[in-house]
Amino acid sequence: MSDPRGQVELNTFPRLLMHHAQQRPNRPAMREKEYGIWQTYSWAEVAQNVRAIACGLAELGFKRGDRLGIIGDNRPRLYWSVAACQCLGGIPVMMYQDAVAEEMAYVLQDAEIKFVVVEDQEQVDKMLEIREQTPMLEHVVYDDDRGMRHYADTFLLGLDELQAMGTAHDKNQPDFLDGEIRKGQPDDVSVMLYTSGTTGKPKGVCQTHDAFIQSAKGGCQFDKLTENEDILSYLPMAWVGDHLFSYAQAMVSGFTINCPESGETVMTDLREIGPTYYFAPPRVFENLLTTVLIRMEDAGWIKRKIFAHFMDVAKRCGAEILDGLPVSAGDRLQYWLGNLLVYGPLKNVLGFSRIRVAYTAGAAIGPDLFRFYRSIGINLKQLYGQTETCAYVCLQPDGQIKLDSVGKPAPGVEVKLAENGEILVKGPMLLKAYYKRPDATAESLNDEGYFLTGDAGFFDEDGHLKIIDRAKDVGKLNNGSMFAPNYIENKLKFFQHIKEAVAFGHDRDFVTAFINIDLEAVGNWGERRGLAYSGYTDLASQPMVMQLIKECVEEINAQLASDPMMADSQIKRFLILHKELDADDGELTRTRKVRRKFVSEKYAVLIDALYSGKTEQHIETEVKYEDGRQGKIAADLKIEEAKTFAPQAAKTAA
Amino acid sequence: MAREIGDVILKMEGISLSFGGVKALTNISFDVREHEIRSIIGPNGAGKSSMLNVINGVYHPQEGQVTFRGEVRRDMEPHKAATQGIARTFQNIALFKGMSVLDNIMTGRNLKMKCNLFHHALHWGKARAEEIEHRKKVEEVIDFLEIQSIRKTPVGRLPYGLQKRVELGRALAAEPSMMLLDEPMAGMNVEEKQDMCRFILDVNDQFGTTIVLIEHDMGVVMDISDRVVVLDYGKKIGDGVPDEVKNNPDVISAYLGTSH
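Protein chains in written order, with our numbering: chain A, 63 to 716; chain B, -11 to 248.
So here's chain A without its partners, still in its complex pose (with noise of 0.2 Å):
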């Protein structure tokens, strides 16, 4: 796309941005909730603040094809940073704000970073404590200058200060940074992210600017994307997906990003922002719908009646109302009453009353979740891609949602599957390199140039794309039959007393399973039930939660008794875990996946005792704290026989 007078292509992102603020230079282009009040930025004032912050960095010497590390919270001036640091030709390096400081030294160092800007103190702190791993860094800029005061090392600089000097810079000369904009071509790299390390050492995935405006411009026209949307921006912005529907499609449609105020306050801002346009992993939309069911339990009878006789409403024909299919006279008047009952409101309270489009991906989403969302008239889809296809390889098309799939490849990118069902894709969004990794590069493409993703998967009669599981992660039990864990787990996890499963049962004669109950979800119907418990692993001792539990794994085995191809996956043992698996104890990656490895070493004990046929077993296991100290936690864990269904009695038990 050129511009209307046919002179610069729109090809970079820092063009986009100078574009916009031509444009539509008085259209919102940011919120902040600041002193509880939402500040909005235009995008001329967008551009004013990053030209300052540009010629900033480039009066401290950052040079064409520097790294810039950028760490925390979704903050304005962070994504400033970003376009900043693009505008002179360099690399944006975001790395997840809860990372403990050996984690950010290893893409410090990986990344050969000498620039940072960093939100916080905290984060400051964190770059003193990796000082001496880190020689390489020379400047650490940081944007809130709150208990900074007593800072006095030379490498610190607030961001003000940073400003003011690229202010100053930008008066004397006005053409450098219009040069350095022009000197920038769509094959640059425009963005750094790490992948999140499920296997091995995170490596950086190097994407050009053409990627992610032809990812960008794919989706905006696929879902029709204008310049009104209102998006939410509160995932990492180490995060691809944050990336792509905060940072490329905003600056390719010209749509608004509003920050939350504080991690905590997400719920309250969704609520009073309202946004058009949302995404979100599934726990996220599990979470929510966790808090709505916990409330409901507490309402009154008739509320409660009421709300369950809409949900079921809603549950026969809502989706279906959706996607504009055809629906009985009867059940649209009664939508119609539920909508106004209960529907409405309850969109209202979540925030998702203006939602046109909302997606979700990073992981499975449980089929009964996913429903009640599109039941209640959210337009509710899902996606597929990852960090190396600039998360943009299959999208649902309205009006064509499958629970269990995730729609059809994407305009620009052709999906194909090897011999094994390794799921195979070409086009624009494809990564330029693994940084420093010609290796793992060459690995990840195969001689036509295609993408290896290491899923597997399958097209059905539609065309659509259905994921099974990771491919390497697929495994066979004894008998031969397939074992497929996420499958498991997903299943499990999806109620709402269950937070984390992990599966086993790759060349063993059947599945067992640990699990992770959810605290707040189970804490609460223990308390109905006059349960006094201490904390986590008391709570997950007690014979009660261990019956609960039972029970949903016994309704699961039921489930996969019906699927021939999934009978011999019934659960037959498993235990609940003494504690919750946790990020900063390794066992999850940043953006919560289970480590699968890493977990099956750790309590290899557990194993063993899962299937050594014993009843009970002790563990310690040594914990991080937030605060970096260590602790254990000892327990002794029952062992838990579930019942198993024969595949032809599944549909009576179930």
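No wet-lab data here; the hints were simulated from the structure.
Possibly wrong hints are sitting among the right ones.
Unchecked claim - Derived DMTMM-like pairs (lysine to aspartate or glutamate); straight-line CA-CA distance at most 25 Å:
1. B:LYS181 x A:ASP182
2. B:LYS140 x A:ASP360
3. A:LYS686 x B:ASP183
4. B:LYS124 x A:ASP206
5. B:LYS181 x A:ASP644
6. B:LYS140 x A:ASP135
7. B:LYS140 x A:GLU582
8. A:LYS95 x B:ASP190
9. A:LYS694 x B:ASP183
10. A:LYS95 x B:GLU134
11. B:LYS124 x A:ASP135
12. B:LYS125 x A:GLU96
13. B:LYS140 x A:GLU326
14. B:LYS181 x A:ASP689
15. B:LYS181 x A:ASP206
16. A:LYS95 x B:GLU128
17. B:LYS100 x A:GLU96
18. B:LYS140 x A:GLU334
19. B:LYS124 x A:GLU582
20. B:LYS181 x A:GLU326
21. B:LYS125 x A:GLU326
22. B:LYS85 x A:GLU582
23. B:LYS181 x A:GLU191
Take the given structure of chain A and dock chain B to it, following the hints.
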């Protein structure tokens, strides 16, 4: 450190306080300098809370005099203390449980509200502008204490540690030059204590507020205080910088209970 400890602003001389036959405080003298963090420690019943109550005028000592910013008097009235810029928090939280965090902190602005009841009741004229200004101040406090997410939550529904923080917020909203904190960390876990310490230090650092603090936990006190007074059975047994006090044999015996 940027903040500089200034002159003596509060001087207690020969304070004695008794309730009937019970002598709560006996002939106690100490002073507080501007911008410092001054702690009063001592075992249970040592007279720490009584001392705070004498400072802000809830109790009237039978003997001795209090000098605050050059003004000498036997005793102080609580409302006078408040108008002179002394705010306090209480050992057993004294918030309005049914009101939101925001409203509770807003009550801390009460003394600064100038409009009359009539204007306020109608939310009219000057009262409007005034309220906006106060709300802004309150929001700054909320931001400072990082309690944005509970802004509209009724205080009664909050856990203890957060309630303590809200109480600190209310005291802060009055923009005091001196704050009296009565066991701000009692009943907290380690993490909550660390948070609270950080907030106290930040308040002291950012706003230069002089802080007089009562605390049980010796470790906490020694870490954050500039000077410490030690009371035992209503008598002063130690006074000085933390290291001095730590090595004072009287203090050690009072805390560890060795025979005198």
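Hints, verified against the model:
no., hint, in the structure
1, B:LYS181 x A:ASP182, "21 Å, holds"
2, B:LYS140 x A:ASP360, "20 Å, holds"
3, A:LYS686 x B:ASP183, "18 Å, holds"
4, B:LYS124 x A:ASP206, "19 Å, holds"
5, B:LYS181 x A:ASP644, "24 Å, holds"
6, B:LYS140 x A:ASP135, "23 Å, holds"
7, B:LYS140 x A:GLU582, "21 Å, holds"
8, A:LYS95 x B:ASP190, "23 Å, holds"
9, A:LYS694 x B:ASP183, "23 Å, holds"
10, A:LYS95 x B:GLU134, "13 Å, holds"
11, B:LYS124 x A:ASP135, "24 Å, holds"
12, B:LYS125 x A:GLU96, "13 Å, holds"
13, B:LYS140 x A:GLU326, "13 Å, holds"
14, B:LYS181 x A:ASP689, "12 Å, holds"
15, B:LYS181 x A:ASP206, "24 Å, holds"
16, A:LYS95 x B:GLU128, "13 Å, holds"
17, B:LYS100 x A:GLU96, "23 Å, holds"
18, B:LYS140 x A:GLU334, "14 Å, holds"
19, B:LYS124 x A:GLU582, "34 Å, violated"
20, B:LYS181 x A:GLU326, "20 Å, holds"
21, B:LYS125 x A:GLU326, "22 Å, holds"
22, B:LYS85 x A:GLU582, "24 Å, holds"
23, B:LYS181 x A:GLU191, "23 Å, holds"
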